[in-house]
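*Asks:* The primary structure of each chain is shown beneath.
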Amino acid sequence: MKKNNETLDEAVSIRSADKVFNPDSDDEVQALSGINLDIASGDFISLIGPSGCGKSTLLRLVADLLSPTAGEVRVFGKTANQARLDQDYGMVFQHAGLFDWRKVSANIELPLELKGWSKSERKVRSKEMLELVRLEEFGDHYPRQLSGGMQQRVSIARALSFEPRLLLMDEPFGALDEMTREHMQVELLRIWRETGTTVVFVTHSIPEAAFLSSRVVVLSPRPGKIHSEIEVNLGDRNDATREDPQFFQATTEVREALRAVEASE
Amino acid sequence: MTKRKAFRTAFTVLVTLILFVLLWEGYKWMGQQTDDHWPGTGFGLPVSTDDLTMPHSGDIFKELTDEIRAGRETLPMTVYLLKKAGFTFLEAAIGFSLGVIVGLMLAVFMLRWRFAERGFLPWINVSQTVPLIALAPIVVTWARLQGYPDMVGISLIATYLTFFPVAVSGLRGLQSPESSDVELMHSYAASWTSTLVKLRLPAARPFLFPAFKLAATLSVVGAIVGEISIGTKTGLGRAILDFAQRYAVWPERLYSSVIAASLLGLFVFGLVNAAEWLVIKRGREVAK
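These protein sequence lines map, in sequence, to chains A and B. This note's numbering numbers the first residue of the first sequence as 1 and each following residue consecutively. This note's numbering numbers the first residue of the second sequence as 1 and each following residue consecutively.
Since the hints were derived computationally from the structure, they do not count as laboratory data. Idealized CB from N, CA, C, for every residue including glycine. Among the clues, some could well be false.
To be verified - The calculated label-pair distances, taken between Cβ atoms and stated as ranges, are:
# : chain 1 : residue 1 : chain 2 : residue 2 : range
1 : B       : 122       : A       : 229       : 38 to 46 Å
2 : B       : 5         : A       : 235       : 52 to 60 Å
3 : B       : 279       : A       : 79        : 39 to 47 Å
4 : B       : 5         : A       : 78        : 51 to 59 Å
5 : B       : 79        : A       : 140       : 47 to 55 Å
6 : A       : 121       : B       : 114       : 37 to 45 Å
7 : B       : 197       : A       : 140       : 52 to 60 Å
8 : B       : 205       : A       : 21        : 50 to 58 Å
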């Protein structure tokens with residue numbers, strides 16, 4: 001795994017970020033408090049924690065879909081806002097969110113269309129992306145003709161179509177059945193290796209976090225804080241890795257951190 | 001629509017029509033036997049069954065093929081009604097198109113500015129509680145005083161009825177995308193207009209077409225009511241007005257014009273259905 005000098009090649013840098021919803025009102029909620037996080041380029045980071053710990057909120061701060069109440073979020077050395085305007089990241093949600101009136105290839109081409117690419121350029125790229133996610137034959141299908149796992153692969157293809165350097169994923173496999181989920185994890189790691197994209201991955205699944213990430217960030221709730229960070233080094237992973245003692249050890253470490261979070265509540 | 005489905009629909013329509021005719025004639029026959037009383041009781045029937053109140057269905061259909069003198073020429077009734085309906089259709093079509101444009105503009109306006117939704121929506125609802133029969137002469141007189149042809153006033157009345165379902169359903173449709181869909185567009189730094197064109201408008205289509213269907217039939221109602229209150233020289237409203245005045249001597253004629261009006265309503269409904277199929281459904285029926 002490549003791990004470059006962090007200060008030179010930093011994807012995301014968050015400095016003492018707070019997020020308060022509905023400030024100064026009765027239903028004020030402190031969602032995040034004092035978050036410091038650095039993510040190196042090419043890394044695969046998981047954010048895990050009990051529900052309400054603000055992991056999705058943290059992802060949205062990076063995406064500039066929300067603004068921090070205090071502190072600073074920088075993406076590739078720019079403000080998060082600038083990074084969004086430059087489209088430095090692609091985003092994948094729990095629900096594939098494909099537009100059902102567009103064919104699969106047209107869904108993948110949506111961000112390119114918005115960027116003003118020509119039709120022929122878009123066509124070439126969507127074909128490449130369909131190959132990347134191994135859905136070559138499904139470009140002319142409509143989303144609802146695809147299974148949940150296939151739809152999520154299209155969603156990943158759409159997020160990567162404009163070659164962003166950062167991929168933000170919000171529980172992308174949360175709605176899939178276990179077998180599909182494990183298959184998608186292997187696929188995602190292959191895509192990650194092939195494209196060299198930095199990934200920030202929100203999940204509430206312990207084995208998923210342990211299997212995918214080079215670093216697992218554990219959050220504690222109310223207000224959301226970083227509880228601990230766990231380095232994982234499983235090297236090249238495949239389905240056999242799931243039966244590896246090292247994998248068991250990694251899941252145990254993450255599980256114990258989450259138990260400590262619960263105990264401290 | 002598949003061939004089989006089209007056949008089934010046509011079959012159902014035919015069977016319903018036959019059933020309706022049988023009911024009509026059966027009721028009429030029963031009334032004739034019992035002197036307009038429920039059989040075996042002294043209770044009167046709600047509608048009397050004489051030939052003036054309820055002409056034989058055969059006579060009504062026969063009336064459609066009979067000839068009618070219109071000015072200096074003599075025409076078969078069907079041709080006469082078709083000509084009148086053509087004029088009414090034109091007014092309804094103009095009213096419908098204007099209503100769709102106004103309704104969509106209002107929906108987009110209310111989407112863009114929340115205060116507009118809060119401020120406008122009650123007024124849009126109130127607009128539909130004004131009785132059309134009171135409004136029509138006002139609009140028509142206004143249009144006449146401005147020197148416009150009668151068609152303008154009549155189309156405006158049709159517009160008044162059609163913009164409402166389009167505005168209300170349109171707003172709901174434009175607000176229908178999931179928040180993650182909107183976040184997705186935001187993540188692409190898409191402008192408000194791009195989000196409208198690429199996401200909200202296509203997502204609104206399943207909400208808009210039912211509204212268009214309602215609006216299309218309402219546009220015919222609006223056009224006919226407009227014609228009647230303005231007293232135009234032509235149109236189905238004119239035919240209905242004329243035949244109503246001579247109902248006592250020729251009831252079949254009024255019934256035939258009512259049939260023509262409902263067929264026109266069905267026709268515009270069918271047009272919108274066809275448009276919906278072209279826009280939404282055709283693509284979805286590819287091999288699954």
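*Asks:* Confirm or reject each hint.
*Replies:* Do the hints match the structure? See the list:
| no. | hint | verdict |
| --- | --- | --- |
| 1 | B/122 x A/229: 38 to 46 Å | violated, 54 Å |
| 2 | B/5 x A/235: 52 to 60 Å | holds, 58 Å |
| 3 | B/279 x A/79: 39 to 47 Å | holds, 42 Å |
| 4 | B/5 x A/78: 51 to 59 Å | holds, 56 Å |
| 5 | B/79 x A/140: 47 to 55 Å | holds, 48 Å |
| 6 | A/121 x B/114: 37 to 45 Å | holds, 38 Å |
| 7 | B/197 x A/140: 52 to 60 Å | violated, 23 Å |
| 8 | B/205 x A/21: 50 to 58 Å | violated, 34 Å |
Checked against the numbered hints given earlier, this structure breaks hints 1, 7 and 8; the rest are met.
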